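2 protein chains.
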Amino acid sequence: MFENRQKRTELAELGEFKLINRLTKNIANRQKSTILGIGDDAAILNFDQQQVLLSTDLLVEGVHFDLSYMPLKHLGYKAVMVNLSDIAAMNAIPTQITVGLAVSNRFSVEALEEIYAGMQLACDKHQVDLVGGDTTSSTSGLILAISVLGTANPKDIVKRSTAKQGDLIVVSGDLGAAYAGLLLFEREKAIFAKDPTIQPDLAGYEYVLERQMLPEARVDMVHRFKEMDLIPTSMIDISDGLASEIIHLCEDSLLGCTIYEEKIPIDPQTVTVADLFKIHPVTCALNGGEDYELLFTVSQKDFEKINGQGEFYIIGHMNETGSERTLITNANESIPLTAQGWDGMKKKD
Amino acid sequence: MFENRQKRTELAELGEFKLINRLTKNIANRQKSTILGIGDDAAILNFDQQQVLLSTDLLVEGVHFDLSYMPLKHLGYKAVMVNLSDIAAMNAIPTQITVGLAVSNRFSVEALEEIYAGMQLACDKHQVDLVGGDTTSSTSGLILAISVLGTANPKDIVKRSTAKQGDLIVVSGDLGAAYAGLLLFEREKAIFAKDPTIQPDLAGYEYVLERQMLPEARVDMVHRFKEMDLIPTSMIDISDGLASEIIHLCEDSLLGCTIYEEKIPIDPQTVTVADLFKIHPVTCALNGGEDYELLFTVSQKDFEKINGQGEFYIIGHMNETGSERTLITNANESIPLTAQGWDGMKKKD
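Each protein sequence line maps, in turn, to chains U and B.
Using the working numbering, read the first sequence as starting at 2 and increasing by one per residue.
Using the working numbering, read the second sequence as starting at 2 and increasing by one per residue.
Extracted from the complex, chain U is given alone in its bound form (with noise of 0.2 Å):
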């Protein structure tokens, strides 16, 4: 629907020396971690005296992105960005990723070119190196294995499972908006399958589109929380939504906690993009994930520190252990949170 025709290279035309010389040539290491980066049999790192973080995730084509709408550059971009924002819900500065990535000969070399520039474009806005990697062929569809280190003083690093009863429960900003983006897509790709001719209509919804396309990382957050002599007692991303990562945190600190409706942050775009699909707005904040902003908790003796911060936004606090977890709606009604659960195997079933 928003394809580009170009040059196209068959893979086979290059075999495997030659692709990865052509992928990769632009790659330069800027982290003194590197040692070495790609071209033997393992990156050389060296992290001193630094803990180091390390996280592994997948994208599967047909489950986790839709290349009927996602463009292969912005893919490469969000698959890298969904890892270092692993990084950051640890409190850590992400320093290099590996690329493990699995393609169809559907794809030709330029559509490979396109995802690494994504990527590259994602580890150049964090200075991060790609030192590593694996491409080999796969039987259908495109899958996408990054894993991704990163480092911190042993003293900063967070955890899920360390809150405390009476600590705040802080978002770094607003919710639901990259599942109001997905929600759009979906439509447009609903009308495009019954009349090919209709071009998309997507004017004014700019930024929750942006938001499922382009997410952001909040390392950001991790240089913010040092400048502001900030340790959150617990942290986690929002990938799978809102209930479901606070229920991470209550059970992995076995507490449990009250949240507030009035109190999550919804942009007004997507709002009216609920509106439109006829869902409530908190729904898309609570079940819709993708929005990797930090969710985390603060001891109330920190309160200072982040109220009228303008980019933090209180949203409840962490209960005794045993207790519920609980959302109290506008209308003053408790209503039990639940998880949505797994992204990945619900739009398969």
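These aren't lab readings, by the way, just hints derived from the structure by calculation.
A few of these clues could be false.
Note that identical chains are pooled: a pair holds if it fits in a single copy or bridges any two copies.
[As the list claims (entries may be wrong)] Pairs of lysine-lysine residues, derived as BS3-like cross-links and limited to a Cα-Cα distance of at most 30 Å, are as follows:
1. K227 to K33
2. K165 to K26
3. K33 to K156
4. K126 to K156
5. K156 to K8
6. K306 to K264
7. K264 to K302
8. K8 to K279
9. K279 to K126
10. K190 to K165
11. K195 to K306
12. K165 to K19
13. K33 to K165
14. K26 to K156
15. K279 to K306
Note that this is a predicted model, so its numbers are computed, not measured.
Starting from the known structure of chain U, fit chain B onto it as the hints suggest.
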């Protein structure tokens, strides 16, 4: 063909979190460098003064493995070993892995448990910690994405690019057997497709079948080199076949080489199978791949350290920059070595 009928629990019955809990419930961390394993946004690691090695591999169903003759437990074992081999090839000790698993609904929970059981067996053997990962659905087939970390003292790390003219070329074991095993499995599969009542006839070929199904990463060699006070001048593991790997060492070290057919170690069972399929046994060694032996170069001054050790095979020597990469046959003919390219892409062509 070697199917195992047992209880089948659908993935959808469990959901993401219960599935991950079930797959990872027996995983214990043993490495001093593992501070926090599975269960947060990222694993936390501490490598102190050691350097860190990082590598990633993808294994795709229908490209890298065929479940009609590869039991899932063996697949898990092999997937880990293939990755550990990359760390051994840097003369380093593997310490942690992360596992990305994309599966279609065709697979049951029990099937994934089998894969994990195989992975844990390989991890146990080398005291490697499984510290994280991602499990998601795939639109078709099974994909395994494994990343591995390892450590070494900076002075011990061996790259591909540091061989010197005159260095001896050495391999750590016999070659071509894994490919001979593959030939047998493919033959049995073809027979089974024609007549499913015929039982596999694989007696007497145990060694080559095991080399294909249960390869061993030569991490023991890393310890052995330390005992012998030997640091190879360059090293690579043999995943794609001897010819292709030697060319890597030559290209990265900017050298030529000569190897001798009569020096290449080939097991008698490999010769028997090669004869059966009317293939020259040395072709299995040169182009077969998947042996996961180490190919390395040593300085001539270290000749006495490796000569007559039984466990090492000196097969040739590195020559000056600009010279050919040559095989001297038993008939004393000189043949240029050529890489067979990309086994992943190959099988699709």
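Outcome of the hint check:
1. K227 to K33: both (20 Å within a copy, 28 Å between copies)
2. K165 to K26: between (48 Å within a copy, 26 Å between copies)
3. K33 to K156: both (21 Å within a copy, 18 Å between copies)
4. K126 to K156: within (26 Å within a copy, 33 Å between copies)
5. K156 to K8: Classified as neither: same-chain Cα gap 51 Å, cross-chain 46 Å, threshold 30 Å.
6. K306 to K264: Cα proximity of K306 and K264: one copy only (18 Å, versus 71 Å across).
7. K264 to K302: within (20 Å within a copy, 73 Å between copies)
8. K8 to K279: Neither way: K8 and K279 sit 43 Å apart in one copy and 43 Å across, limit 30 Å.
9. K279 to K126: neither (37 Å within a copy, 56 Å between copies)
10. K190 to K165: This pair counts as neither: shortest intra-copy Cα distance 45 Å, inter-copy 58 Å.
11. K195 to K306: Classified as neither: same-chain Cα gap 53 Å, cross-chain 73 Å, threshold 30 Å.
12. K165 to K19: Close across copies (25 Å), not inside one copy (54 Å); limit 30 Å.
13. K33 to K165: between (36 Å within a copy, 28 Å between copies)
14. K26 to K156: Between copies only: 28 Å across chains, 38 Å inside a chain, cut-off 30 Å.
15. K279 to K306: neither (38 Å within a copy, 77 Å between copies)
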